[in-house]
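Start from chain A and add chain B according to the hints.
2 protein chains.
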Amino acid sequence: MLSLEAANELIWKKFKHLPVGYAEVDVLEGIDRIVAEDIVSNVNVPDFSRSMCDGYAVQAGDISTANEDNPVLLEHLGEVASGEKATMEVKKGQCAYVSTGSMMPAGADAVIMVEQTKVQEKESVLVFKSVIKGERMILRGDDLKAGQIIIKRGERLSPRHVGALVAAGIYEVKVFTRPRFAIISTGDELVDIGQEPAAGQIRETNSYALQAFITKAGGEVVRRVLVRDDRKLYRQELEIAVECADIVLISGGCSVGIRDFTADVINSLPGEGVFIQGVAIRPGRPLIVGECMGKPVFGLPGHPIAPVLLFKIVIEKLWHRLYGCLEEDVIRAVVDFDMSPSLYTHLLVQLEKGEEFIKAKPANLANPAQTSAISRSNGYIWIKDSEAGLCRGQIAEVFSF
Amino acid sequence: MLSLEAANELIWKKFKHLPVGYAEVDVLEGIDRIVAEDIVSNVNVPDFSRSMCDGYAVQAGDISTANEDNPVLLEHLGEVASGEKATMEVKKGQCAYVSTGSMMPAGADAVIMVEQTKVQEKESVLVFKSVIKGERMILRGDDLKAGQIIIKRGERLSPRHVGALVAAGIYEVKVFTRPRFAIISTGDELVDIGQEPAAGQIRETNSYALQAFITKAGGEVVRRVLVRDDRKLYRQELEIAVECADIVLISGGCSVGIRDFTADVINSLPGEGVFIQGVAIRPGRPLIVGECMGKPVFGLPGHPIAPVLLFKIVIEKLWHRLYGCLEEDVIRAVVDFDMSPSLYTHLLVQLEKGEEFIKAKPANLANPAQTSAISRSNGYIWIKDSEAGLCRGQIAEVFSF
Chain A
1 MLSLEAANEL IWKKFKHLPV GYAEVDVLEG IDRIVAEDIV SNVNVPDFSR SMCDGYAVQA
61 GDISTANEDN PVLLEHLGEV ASGEKATMEV KKGQCAYVST GSMMPAGADA VIMVEQTKVQ
121 EKESVLVFKS VIKGERMILR GDDLKAGQII IKRGERLSPR HVGALVAAGI YEVKVFTRPR
181 FAIISTGDEL VDIGQEPAAG QIRETNSYAL QAFITKAGGE VVRRVLVRDD RKLYRQELEI
241 AVECADIVLI SGGCSVGIRD FTADVINSLP GEGVFIQGVA IRPGRPLIVG ECMGKPVFGL
301 PGHPIAPVLL FKIVIEKLWH RLYGCLEEDV IRAVVDFDMS PSLYTHLLVQ LEKGEEFIKA
361 KPANLANPAQ TSAISRSNGY IWIKDSEAGL CRGQIAEVFS F
Chain B
1 MLSLEAANEL IWKKFKHLPV GYAEVDVLEG IDRIVAEDIV SNVNVPDFSR SMCDGYAVQA
61 GDISTANEDN PVLLEHLGEV ASGEKATMEV KKGQCAYVST GSMMPAGADA VIMVEQTKVQ
121 EKESVLVFKS VIKGERMILR GDDLKAGQII IKRGERLSPR HVGALVAAGI YEVKVFTRPR
181 FAIISTGDEL VDIGQEPAAG QIRETNSYAL QAFITKAGGE VVRRVLVRDD RKLYRQELEI
241 AVECADIVLI SGGCSVGIRD FTADVINSLP GEGVFIQGVA IRPGRPLIVG ECMGKPVFGL
301 PGHPIAPVLL FKIVIEKLWH RLYGCLEEDV IRAVVDFDMS PSLYTHLLVQ LEKGEEFIKA
361 KPANLANPAQ TSAISRSNGY IWIKDSEAGL CRGQIAEVFS F
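Those protein sequence lines, which keep their order, are chains A and B.
The opening residue of the first sequence carries number 1 in this note's numbering; numbering runs sequentially from there.
The opening residue of the second sequence carries number 1 in this note's numbering; numbering runs sequentially from there.
Next comes chain A alone, as it looks inside the complex (with noise of 0.2 Å):
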């Protein structure tokens, strides 16, 4: 059976020409969608120095014995007015008012605050401190460089990110679209929203789960029905979504039993077919993946926890590396339990603070079909080494949800 990394580097293989979509967005419309190019400043930020506090613009080294006892008297050439263009020249023995963020004249090097200054009649200006050259201004381009990266294609953009573009003078950023999805769930026991389900029925809840993974990382479901396990129906529900939308999932009917139709219906609408069945992980072992017409379809167990996870393990990750996304969600965390699996496995947890560390705890043992081991989880450890296992005391990588 395939390991995981090479099931997804055999999807990777099959669909890294899938086409991928641009948009212009504004930037705080921008926000968690991936940018689909270097962002760069074209200017200077600040485009001038400027003065960090209210005071005076100086040379430096004509205070450098001023103290208390000992000021400095200092020709005093006016103001440069916030948001102006300072016209005077600082020479040796002279000063000018600036207030924060005034422009610095030409010919100053520092500023002295102006709690250490007193005016001493209109025309000059007592400095009772001495400064560094360079202190309390702001230099030309020390926030931003002319040419500098701002954010790299890849990269998700964040609130952090708003002020330095908004300084840079780029409003509009330009993003991948969303990869539209459409989801099928199948099985005969399952009720959809709003029907109280009777014995021997529950309620289908993967879909609703899978949609909001998908929306929360930036893709959009353009169809989610329930069909019931009807070959005929459930070929043309699939033909509909293979029709509407980049990427389709099924949920259910992956496994060998007699209404596990997944892996005939793909093969029978054109294209390759199913390229992919069964992945040696738990959960999510009978994991199907195909092909058709040109559009990849993934076959997901019904149990609610494996198709949360091949989410997270194989789809998003198909999406990101077709987005070239840079975007890893990983804490460290010291584990709390012991586990020799059989199988390749990702294990929820669920994190709490220790006395050094974050801890993680398994958010459940053994039953695969917890919708609540996912609401209570943090995130999932990847136990790759079934032979060494993970022991307690151990430092894990967490993937976050």
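Certain hints may be false.
Listed next, the in silico DSS-like pairs over lysine-lysine satisfying Cα-Cα at most 30 Å (straight line) [claimed, not checked]:
1) B:Lys353 - A:Lys152
2) A:Lys361 - B:Lys145
3) B:Lys353 - A:Lys145
4) B:Lys216 - A:Lys361
5) A:Lys145 - A:Lys16
If you are wondering where the hints come from, they were derived from the structure by calculation, not from laboratory data.
The structure presented is a predicted model; accordingly, all values stated were derived computationally and were not measured.
Using the frame of chain A, we list chain B on its own:
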């Protein structure tokens, strides 16, 4: 000067009775909203015991001796169709075919996988393996028990909660309404979006950065204006802001210069006026907090890093406390620098993968005017103890952005 803790307590004392609003939203639309009541499952999920695989529902005791050489023959009662009520009862020596998810028939206490059986003739099945009681079945209430809390009041609804909510038949959740913010930026040197800065002018960025952080945190910006340093205009704008928003943020005008009107203007409106002016933290020392017409007004220093940090450590804190929000987004990292600041300091840090731990490096050292430092930071560390400071190799809490 007030400590940060004392300032936050004083702000809480003044505003703890601010009204909060509620809304009922669809589960999928509620993602990232703060939940306003404990959300409880009223049902057992599943509401009946189910099979976890395709196979035969049996009494485990009947096949305890079964192996390849000595299979056990059971009487076959027929099939429990998926989604249907199980009407038969499995008695000693009997079995019934069940699919994944089928209701367990009365009397059966385990499932033997179909691969470990062979249909002998129409009415009997050979079993080649033993099972333990409870194997391959999900018990009633195994996922959620009636009365079990799925999300606590004050938690943020996440995609991981969706499956459990839908499983319990909960499609709408009660959340807090988004607090409405108004942002006033002030400074004669500032130009708004779309304008080209002349010599001496720079682009206004704080209101955009604040809007991005507010929106991401679940708030709403209902007004955002840039005003000249003109006391009358400024006062008019503050009046409008206080009328239309729940919380007002002012960027700039908080120092002691001749154009620093913020405290005066807050005091000129009805209400208690300014009750905090200056807090012993860096950056953010000139913070002003006041009350106008019953609403909180925050005067934030204009340098870009301070408003964003003050939003996280003061403003969001008040709002989260009002909403009883339980969230705290903290990770542990090992610091890669030495620092002994003279004041409580919030240091922006960049995180990178280390050998065992995540490493934290300063995103900027001295310049408070760097939008680029915010842009490249992943969060901040709070250095509370200025005497001890932080030493390379120490573990610190990083509050994420």
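Okay, the hints, checked on the actual structure:
Straight-line distance between C-alpha atoms of lysine 353 of chain B and lysine 152 of chain A comes to about 19 Å, which keeps the hinted pair within the 30 Å bound. A distance of roughly 21 Å separates the Cα atoms of lysine 361 of chain A and lysine 145 of chain B; the hinted pair therefore holds under the 30 Å criterion. Restraint check for lysine 353 of chain B and lysine 145 of chain A: the C-alpha separation of about 27 Å stays at or below 30 Å, so the hint holds. The hinted pair formed by lysine 216 of chain B and lysine 361 of chain A meets the criterion: a straight-line CA distance of about 29 Å does not exceed 30 Å.
Taking the CA atoms of lysine 145 of chain A and lysine 16 of chain A, the gap is about 35 Å. The hint is violated against a cut of 30 Å.
In this structure, only the earlier hint numbered 5 is contradicted, and the remaining ones agree with it.
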